[in-house]
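Please put together the full structure from these sequences, using the hints given.
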Amino acid sequence: GQNIDQPTEMTATEGAIVQINCTYQTSGFNGLFWYQQHAGEAPTFLSYNVLDGLEEKGRFSSFLSRSKGYSYLLLKELQMKDSASYLCAVSGAYSGAGSYQLTFGKGTKLSVIP
Amino acid sequence: GAVVSQHPSWVICKSGTSVKIECRSLDFQATTMFWYRQFPKQSLMLMATSNEGSKATYEQGVEKDKFLINHASLTLSTLTVTSAHPEDSSFYICSAHGHRGLYIQYFGAGTRLSVL
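Here the protein sequences come in this chain order: A and B.
The numbers in our numbering rise by one with no breaks, and the one at position 47 of the first sequence is 47.
The numbers in our numbering rise by one with no breaks, and the one at position 61 of the second sequence is 175.
No wet-lab data here; the hints were simulated from the structure.
Hints may be right or wrong, so weigh each one.
Simulated pairs of lysine to aspartate or glutamate, DMTMM-like, Cα-Cα distance not exceeding 20 Å [unchecked claim]: (1) B/155 / B/201; (2) B/155 / A/5; (3) A/57 / A/82; (4) B/178 / B/202; (5) A/106 / A/9; (6) A/109 / A/41; (7) A/76 / A/56; (8) B/155 / A/41; (9) B/180 / B/136; (10) A/106 / B/173; (11) A/109 / A/9; (12) B/128 / B/202; (13) B/155 / A/82; (14) B/155 / A/9; (15) B/178 / B/201.
Negatives, chain A to chain B, calculated, CB over 12 Å [claimed, not checked]: (16) 16; (17) 19; (18) 52; (19) 63; (20) 111.
Where is the CB? At the ideal position from N, CA and C, for every residue including glycine.
Shown next as structure tokens:
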């Protein structure tokens, strides 16, 4: 089965750093994704980790430990526009044509306050 | 990044009618498209996976006769909700994958369906 856990809500201050954790237990693993989703909008791709370690991309970084089934998304220099839901998703079952299905966590709603 | 267009963005319909939602990949060929449903404060739930030119694969619990999926070309997939009922009201989102080796899914803007 697939199980992905992440905190429901978090609040952080503008300019600060916040870490959103994700733990997973899945029957297959071909990488872990983080997506950002503003209310009423579609998710937008943030990062992809398939090997252990830290991937840095501007203000956002993502970490993966496959042995621990654990990932985190690190957001630095928080801005008000970063207020959104952050979805952790694991790529697992093969869908055909070179693609894999994603299983999503419920998302972490981040509120950035002044 | 790749662009996926989905429309309509919002539709209101009467119970018993059918609604068609279109998903287009604008700047790449989508070999695989996915359809998700998202209820308020819930995760995206995969409904079905469609590979171009073949029948869609539906997830357990999703009625294939109710949610008709067509993926006739590499740039277009459609989801038709047949005989919609109020319980079908939800946010429907498509995604497309077409970049071999990257596994990244690019999402459409979503369609909010309200069935009266």
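Checked hints:
no.	hint	verdict
1	B/155 / B/201	holds, 16 Å
2	B/155 / A/5	holds, 14 Å
3	A/57 / A/82	holds, 15 Å
4	B/178 / B/202	holds, 14 Å
5	A/106 / A/9	holds, 10 Å
6	A/109 / A/41	holds, 14 Å
7	A/76 / A/56	holds, 11 Å
8	B/155 / A/41	holds, 13 Å
9	B/180 / B/136	holds, 16 Å
10	A/106 / B/173	holds, 18 Å
11	A/109 / A/9	holds, 5 Å
12	B/128 / B/202	holds, 11 Å
13	B/155 / A/82	holds, 18 Å
14	B/155 / A/9	holds, 11 Å
15	B/178 / B/201	holds, 16 Å
16	16	holds, 25 Å
17	19	holds, 20 Å
18	52	holds, 17 Å
19	63	holds, 19 Å
20	111	holds, 14 Å
Every hint, counting from the list given before, is met by this structure.
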